[in-house]
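Student: These are the residues of each chain, in order.
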Amino acid sequence: MAAPAIDHAMSTASQTQTITIAKGINQGLRAAMEADPKVIVMGEDVGKLGGVFRVTDGLQKDFGEQRVLDTPLAESGIIGTAVGLAIRGYRPVCEIQFDGFIFPGFDQIVSQVAKLHYRTQGRIKMPIVIRVPFGGGIGAVEHHSESPESLFAHTAGLKVVSCSNPVDAYWMIQQAIQCDDPVLFFEPKGRYHEKAQLDPTQTPYPLFRSRVVRTGSKATLVAYGPKVRTCLDAAAAAEEDGLDLEVIDLRTLSPLDLAPVFDSVRRTGRLVVVSEAASESSIASEVAARVQQECFYSLEAPVLRVTGFDSPYPPSKLEEEFLPDLDRVLHAVDRSLAW
Amino acid sequence: MSSPEQWTHPDGAPPATAATPTAEQVIAGLRATTEGGADLVQLLTPEGERVHHPDFDIDITPEELRGLYRDMVLVRRVDREANALQRQGQLGIWVPLLGQEAAQIGAGRAMQPNDMAFPSYREHGVAWCRDVHPTQLLGIFRGTDHGTWDPMEKRFHPYVIVIGNQVLNAAGYAMGQRFDGKVGDADGEATICFFGDGATSQGDVHEGFVWAAVYDAPLVFFCQNNQWAISEPTERQTRLPLYQRAKGYGFPGIRVDGNDVLATLAVTRWALQECRTGNGPVLIEAFTYRMDAHTTSDDPSRYRLSDELELWKLKDPIERVRVHLVKQQWADQEFFDQIQADSDAIAAELREYCVNMPDPGPERIFSNVYAEPSPVLDAQRDEFLDYVSGFAGGEH
Ligand SMILES: Cc1ncc(C[n+]2csc(CCOP(=O)(O)OP(=O)(O)O)c2C)c(N)n1
Ligand SMILES: [Mg+2]
Chain P
1 MAAPAIDHAM STASQTQTIT IAKGINQGLR AAMEADPKVI VMGEDVGKLG GVFRVTDGLQ
61 KDFGEQRVLD TPLAESGIIG TAVGLAIRGY RPVCEIQFDG FIFPGFDQIV SQVAKLHYRT
121 QGRIKMPIVI RVPFGGGIGA VEHHSESPES LFAHTAGLKV VSCSNPVDAY WMIQQAIQCD
181 DPVLFFEPKG RYHEKAQLDP TQTPYPLFRS RVVRTGSKAT LVAYGPKVRT CLDAAAAAEE
241 DGLDLEVIDL RTLSPLDLAP VFDSVRRTGR LVVVSEAASE SSIASEVAAR VQQECFYSLE
301 APVLRVTGFD SPYPPSKLEE EFLPDLDRVL HAVDRSLAW
Chain E
1 MSSPEQWTHP DGAPPATAAT PTAEQVIAGL RATTEGGADL VQLLTPEGER VHHPDFDIDI
61 TPEELRGLYR DMVLVRRVDR EANALQRQGQ LGIWVPLLGQ EAAQIGAGRA MQPNDMAFPS
121 YREHGVAWCR DVHPTQLLGI FRGTDHGTWD PMEKRFHPYV IVIGNQVLNA AGYAMGQRFD
181 GKVGDADGEA TICFFGDGAT SQGDVHEGFV WAAVYDAPLV FFCQNNQWAI SEPTERQTRL
241 PLYQRAKGYG FPGIRVDGND VLATLAVTRW ALQECRTGNG PVLIEAFTYR MDAHTTSDDP
301 SRYRLSDELE LWKLKDPIER VRVHLVKQQW ADQEFFDQIQ ADSDAIAAEL REYCVNMPDP
361 GPERIFSNVY AEPSPVLDAQ RDEFLDYVSG FAGGEH
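Going down the list, the protein sequences come from chains P and E. If you count the first sequence from 1, position 218 lands on 218 in this note's numbering, and the numbers rise without skipping. If you count the second sequence from 1, position 60 lands on 60 in this note's numbering, and the numbers rise without skipping.
Okay, chain P solo, but in the shape it has when bound (with noise of 0.2 Å):
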C-alpha cells in the first residue's frame, strides 16, 4: 500500500499543485470529460454560476451546454433523464445541489437506476455518477446539512462512495465516471476548501478499497467523508497524551471493503467507527456488525459508535453538539480502553 492519503506533501514531479477538495473534483471532472465525450454534467445552476459551491466552475464556458446543463429545477427529472441518456450511451455526472433535496430524486435511483440492470439481465448498464455535498458544519438552514448515504447503501444495485481529502476527490470522481454501475458520490462539503499536494501523475488507488491513513496500535477509529479529519485530528491529540490510534478511511460505502478494518481491528482490539449520519441502521451499524462477526476472538471490548443523533439536522446553532468532534472520539476511545 502507498503512503498515507491525506498528506501528500513531499511529491517533487513538477506537476505537482495544491488543490482544494472542490477544485479536485473540478479538475477531476475536466479531466473525464476530455478522456470521453459522452461524459456530460446535470444540475442546477452547475453551468452558467459553475454550481453553488463552484464545483462545476468552468466547464460549461469549456465544453459547451449540451455537455454541461443548467436543468429545469427538478431533482426527479435531472436523474429520471440521466436514466435516458445513459441507455442512450452517456455518462452523466448528477449533480444534486444539497444532500436534503435528493429525495425528490430518490423515486428515480432506487427503482430505476438502482434496478435497471438487474432487470434486463445484463443489457442495460447505468454508468450514472450522481455528485451528493453532504454533511454539516457550515451553519446552514434546515435540508442543507444531512447524511442520507445509508439510504443508498441500503439500496442493491447502488454503488455508493465518499471523499475525504483533494487527492481522493480528484481521483475518485473519474473512477465514478468510468465505473459502469451507478455511483453515489458524496462530497464532504464542510471541508470542500481544504488543501492537499495533487500530482496527477501518481497511480491512482482503487476505487473501491479502505485505506489505512494512520497506523496505530492502540485502538481503530473508523471513518470516511467529513470524519476522516476529525479522527485524524483526534489521532494527533492522543498522541500527545501517548496513545497511538490508527485511522482508516472507509472511502466505499457499499461495496464495503472491511479487510482493513478486520486487520486493524485484530491488532488493536478496539474499534470506534465515526459517521455525521443518524446511527440507527446505518452504515457504522453496518461496520459494527461485521467487525464484530469477523473479529469476536480479538476484541478487547465492544464496537463503539460516534454518530449523529437519530434527530433530525438540528438548527445550526446546534450543530457543534451534534456532530461527532474531536472530544467526543476521544470520550468514546477512552471508554473503549477502560472497558
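Derived from the structure by calculation, the hints contain no laboratory data. Every residue gets a Cβ at the ideal spot worked out from N, C-alpha and C, and that includes glycine. Be a bit skeptical, because a hint or two may be false.
Pulled from the structure, derived: some chain E residues nowhere near chain P, Cβ distances all over 10 Å [as the list claims (entries may be wrong)]:
1) Arg66
2) Arg70
3) Gln112
4) Phe179
5) Ala229
6) Gln244
7) Gln273
Partial selection, computed: residues in chain E whose CB lies under 7 Å from chain P [said to hold, decoys possible]:
8) His146
9) Ile161
10) Ile163
11) Ser201
12) Arg236
13) Gln237
14) Leu240
15) Arg302
16) Leu305
17) Pro362
18) Phe366
19) Leu377
20) Gln380
Starting from the structure of chain P, add chain E with the ligands where the hints point.
Tutor: This is chain E with the ligands only, laid out in the frame that chain P set:
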C-alpha cells in the same frame, strides 16, 4: 412540432414574453424577460398612473392605499435590516424579498382571517400580513430554530425550503377545507400557496395542480415569477408563460403585475373569492423581479447583467404608490415622516432582538422529534446531556 408562439397566441397577438432584451439574450440566460406582455393585469403603472381593467378593478380608499404603502415600506426596511444583520455576522444567511413587496403585500392583504397560507422561504411580506412579527423570522436564519410561530394560530405554515413540497401540502389542506364544508359561500375558507418560477418544474407542483383540480380544492396557486431561480432564468423552466399552464390543468391562470400592489390585491381577492365560493383552484403568476441576490450567499454578477436591474428599478413597486399618493394628494409630508419613523423603529427593534437572541440548549436536538416517547432517542438524550454536563464549568 408546433412552435410555442402558435400554442400561446392562436389569435396572432404578440408573444406574451416579448421583452426589451433580445430573444437570444434571454435564451442565453444573460437577461430575464422584463415585459409581462399583453395579458398582464395592471392597475397602477410604474409612473403611478391609475389605469383600469375590464375584469379586475378595485375601489381603493386613500386610507387603504396608505396602508398598503406603509406595509411595503416597512417590510422592505425589515428586509434590508436583516440583510445587514447577515453581513454583520448576526444571521447565518438571509433570503431577500427586495422587489417582491407588492406581490407579497397584495396577496397577503387579500386574505381573510380564516384563510390559510403556505409559504416558501422568501415570503416575509406575507408573514407580515399574517401578523407574524418580523423578529419571529430571525430564528430560522440565525440558526436558533427551524421556525417559531404557531402555524395554526397565524394561519401561516412554516417556511418550506425543499422546492415545491408545500404545494401538495396546501392542496391537501384545501381539500380538507372543502371536506369540512367550509366552501360554498362568501364566508367560506380558502388557501393560498406561494412558490417560485423555478418551483414550477417540480413534480410536486404539477401534482398539486392535478389534485387541486380533481378535488375542486379552494386553492390559489400564487407563483412569484421573479425571473430567476438562483442563476437560471425562467426560460430554463418553461416555453410557455407560466400562467398559461393552468389551462392544461383545467382552471384559470392570470398574470398580474407583481410590482403593482393594487393589481395583485385585486386579482388575489378575486381568486380567493372564487375558491371560497367553490370555483377553485386558480393560478396567479405575479410577474416581478428579484432585485437582490438569491440569498446572501449568492453572487448574481456571475450570471446576470446589471442593466437588467436598472430596467426593473424603473418598475419599483413602492415608488409608483408613493407617486400616486402624492399626485392624488392622498398623503402629506407628515404621513411620509411618520412612516420613516415607524421604519426606523422596527429596524431598531429587529436589531435589538436579533443580537440578544439566546442560543438553544442541547436538549432542543431531541425535543419534538416524535409526538410520543421514543425510548431510543430518550436514551440518547440522557446520555448526551450527561456527557455535556461533564464539561460544565470548565474549558475542554
Ligand atoms: C428540492 C430542492 N432542490 C433544490 C433546492 C435549492 N434551491 C433553493 S432555492 C432554488 C431556486 C428556487 O427558485 P424559484 O422557485 O424561482 O424561487 P425564488 O428563489 O426565485 O424565490 C434552488 C434550486 C431546494 N431548496 N430544493
Ligand atoms: Mg424565482
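Student: Starting from the hint list further up, note which numbers the structure goes against and sort them upward.
Tutor: 5, 14 and 16
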